[in-house]
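Q: The residues making up each chain are set out below.
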Amino acid sequence: MPTRVTAPPPTDDRRWKIIDQVMQRHDYRPDALIETLHAAQDAFGYLDTVTLAHIAAKLKAPPAKVFGVATFYNHFRLQPRGDHTLVVCTGTACHVKGNDRILAWMRDRHHLTPGETTPDNHLSLVEVRCVGACALAPVILTDGVLTGKKDFEETTTIIEEWLGDAT
Amino acid sequence: MQREELQRIATEHRRHLDSFPHHILVCSGLGCPQNEAIVAALKRVIAERQGEARVLVRKVGCMGLCASGPIVLVLPEEIAYQTVSPNDAADIVESLGKGPVQRLLLPPDLPFFTRQHKNVLALSGRIDPESIDDYLAAGGYAALFTALSEMRPAEVVRCIQESGLRGRGGAGYPTGLKWATVAKASGEKKYLICNGDEGDPGAFMDRSILESTPHAVLEGMIIAAYAVGARLGYIYVRAEYPLAVKRLKLAIREAERRNLLGHAICGSNVDLSLQIRLGAGAFVCGEETALIESVEGRRGLPRPRPPYPAEKGLWGCPTLINNVETYANVGPIITHGPQWFAALGTDRSKGTKVFALTGKITHTGLIEVPMGMSLREIIDDIGGGIPGGHAFKAVQTGGPSGGCIPAEHLDAPVSYESLSELGSIMGSGGMIVIDETSSMIDIVKYFMEFCMEESCGKCIPCRVGTAQIHRLLTLFQERRATAADLVQLEMLCDLVKHTSLCGLGQSAPNPALSTLRYFRQEFLDRIAPPPPAMEAQS
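Top line first, the protein sequences correspond to chains R and S.
Per this note's numbering, residue 1 is the first one in the first sequence, and the count goes up by one each step.
Per this note's numbering, residue 1 is the first one in the second sequence, and the count goes up by one each step.
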C-alpha cells in the first residue's frame, strides 16, 4: 500500500475534507484520480490549479498527468461557471430538431458561444452531446431544469422568461 | 440471507401490493418531466378522500412512449393516460372503478404497444426502480437463485452460448464466447465490467434500463461473475445520467443489505462486490480498452487488441466486459432457457433488441422488438410515421459509427448482418429518423465533427483523418467543393476506416460512406461550377 502523503489542504475550506475522504476511500491509489476530480468539481464547481496540484500531491501523481486527465474529459472544467447556466443539448436528435438554431440565436441575441460566460458572470452557455432525453428533442436545461418538445419560438421565449426571472 | 428468506420477503411484498384494489403507476424516468409533482398531487387527492388503503400510487420506470409523456398507468384495468399534469390527479382518482378519463386516454390498441415484444423492458414501467422488494415480488433474482443452486459455472456459460446472445453494445460479439474465454483464462484475479458509457448521441437505451430496472443489470452481473469467477466488478456510467447513477447506487446498497452482493451470496460460495465508476464525457470510453484505461484513472486512450480484455484487461487481469443491455438479457435467458431465446429473432441475430426511436417521427420513445423485424414496421407501425406531412428520407442507426439507410431499403430486417450489409451497423440501438427537410451533408458533417472532437488523438489516421474529412465536408456544405474533393473524400474515408487503431476511427467514416452510397447526388449537386475561363491574353 502506498504511503500516505501528508500534504495539508491548501486552505481551511471544509470542502477539502470531502475530497480527501474520496482519495482515502481508494487508499490514495492512482485509479482514484477521476473519482477525485468528480468530487472536487462537485464541491468547488470547477477545477483550478490549486485543486489539481493538491490532488496530484496526495495521489503522488505527476501534475502533468492530473492536468492531462482533467483536460481530456469534457465533463471537467477549469473555469468557473456564471451564476446561471443554460445547457443546450446538441445530440443527434436535438440537432435534427433544430437546436443549432438556438445556439445561433444565443450568439446573435446574447453574444455567447458554447463554453462562454457573460462578462458580468450572470450566464454561462454550455453545449452538451446528448443528455439522453432524445425522445423529447430538442432539449435545453435552464439551471438543470429540462425543457423539451418545444419549437424554436417557444424555446427562445422560455429562455428569455427564465433569464428575466433569474436575477 | 438465504434464498427461502428472500422468497418470503417477495411473497409478503406481493401480498402487500395485492391488498390494494387500485394501483396508479407514474413514470418517473427522465423522459417524463414533472412526474414528482404528479405523484404528490395524486397522493394528496387520495389522502383527501381517505383512499390510502384502496389506492396505491407507485413511481415506476420508463413506459416507453416518451412522446406522450408524462404517462400514467392504472392497474388492474391497464388504462394508460398521456400528457398527464398534476391538475389531472383529481379526475384520475375519481374515475377509479368507473370509466377511464376519456380526454387523457391513450388508445390501448396503439401499434406502438401491441407490436413490441418486451423481454429486457418487461418490468420497465411496472416496478419501482428504487425498491428491491418490488423487483423480488415481480420474480426478480429468481434466475440468480436458479444459477447458484442448480447450475455449475460451466453450465451457465453453456446456456449463454446456446442462446446465441450477442453483445448489445454495438459490435455484436457472441456473449457466450466472451464468457467462455474469461472463464478459461488462467489467473487468480478476474474482473467484471458493465459498460454503461452510452456516448452515442441520440441513444438512451442504457439510461432507461438503468433508471427503470437497475436490479436486472445487477442480477445479470452476479450471474456472470459466478460463471467466470470474478469477485470484483465495476459499472462504468456516464456522469450525464445523474438519475441512473443515483438509482444504481441505491440498488447496489439494497442488494448488499440483502446479501445479493458481498460475501457468500445467498449462502453460496460466490463473493462479488460492485463499484460505480463515473464517466466524464468522452465518447471513446465506450470502446472497451479505453474504458478500462479510464477505470484505471487515466485518459481514455484505447489499447491495441489483441490482447483482448478477456485475456488481459483491467490491471492486466482477465476481464469480462459487457454492455448494460447484454447483462439485462442474462436473467431471462437463465429463467426461460436458451432455446426460448434462440427461438426469437433471425438465424444469426437472436432475441430482442431495444431501440431509442427519435428524430422526425410521431411516436418517439423506447421500444423493444424481436430481431428481424423490418425497419418499415418499426418506423411506420410502431413509430407512427413522419409527422407534419413530410416524406421519409433516411433512418440513421448506430450513431457516429453507423450509417444512413434510405427508403428503398426500409424492408430490410434489423439484424447485425443486414444492417452491416447496408453500410450501417446495429450499434447500441439509436435510431434517428430523418425527413426530407434535412440535408444529408449536414447530418454527415455533424457526425464527423463529433468524431473529430471525440478522437482521443492517439493514432494519426483518426486524429488527422477525421479533421480532414470534416474540412472536405464543409466545402460541400458551402458549395465550394470540386470534383477532386469528392475523390479525396472517398479515398480518405477508406484510409481512416482501415488504418485507425480502435472502433471510433474505424467506424467514423461510416456515416459519410453510407451517404456517398445512397445520396451521392447531394454531393454532386454541391460541386461548385468551375470558374469562368480566363480571357486569353492577347
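Note that these hints are calculated values from the structure, not bench results.
Keep in mind that a hint or two might mislead.
What the hints assert, rightly or not - Calculated cross-link-like contacts (lysine-lysine; reagent style DSSO-like; alpha-carbon spacing at most 30 Å):
#1 R:Lys65 - S:Lys189
#2 S:Lys246 - S:Lys118
#3 S:Lys118 - S:Lys249
#4 R:Lys17 - S:Lys249
#5 S:Lys184 - S:Lys312
#6 R:Lys58 - S:Lys445
#7 S:Lys118 - R:Lys149
#8 S:Lys43 - S:Lys59
#9 S:Lys118 - R:Lys58
#10 R:Lys60 - S:Lys312
Q: Decide, hint by hint, whether the structure agrees.
A: So, going through the hints one by one against the coordinates:
1. Between lysine 65 of chain R and lysine 189 of chain S, the direct Cα distance comes to roughly 27 Å. Compliance with the 30 Å bound is thereby established for this hinted pair.
2. Using a Cα cut-off of 30 Å, the hinted pair lysine 246 of chain S and lysine 118 of chain S holds, with the two alpha carbons roughly 25 Å apart.
3. The straight-line distance between the Cα atoms of lysine 118 of chain S and lysine 249 of chain S is roughly 26 Å, inside the 30 Å bound, and the hint therefore holds.
4. Annotation: proposed proximity of lysine 17 of chain R to lysine 249 of chain S holds, straight-line Cα distance about 22 Å (limit 30 Å).
5. Of the supplied pair hints, the one linking lysine 184 of chain S and lysine 312 of chain S holds, its CA atoms being roughly 13 Å apart against a limit of 30 Å.
6. Restraint check: the Cα-Cα separation between lysine 58 of chain R and lysine 445 of chain S comes to about 43 Å, which exceeds 30 Å; the hinted pair is violated.
7. Restraint check for lysine 118 of chain S and lysine 149 of chain R: satisfied, since their Cα atoms lie roughly 26 Å apart, inside the 30 Å limit.
8. Of the supplied pair hints, the one linking lysine 43 of chain S and lysine 59 of chain S holds, its CA atoms being roughly 11 Å apart against a limit of 30 Å.
9. Between lysine 118 of chain S and lysine 58 of chain R the CA atoms are separated by roughly 49 Å; this puts the pair beyond 30 Å, and the hint is violated.
10. Taken as a hint, the lysine 60 of chain R and lysine 312 of chain S pair is honoured in the structure, with Cα atoms around 26 Å apart against an allowance of 30 Å.
Taken one by one, the earlier hints fail for this structure at numbers 6 and 9, listed in ascending order.
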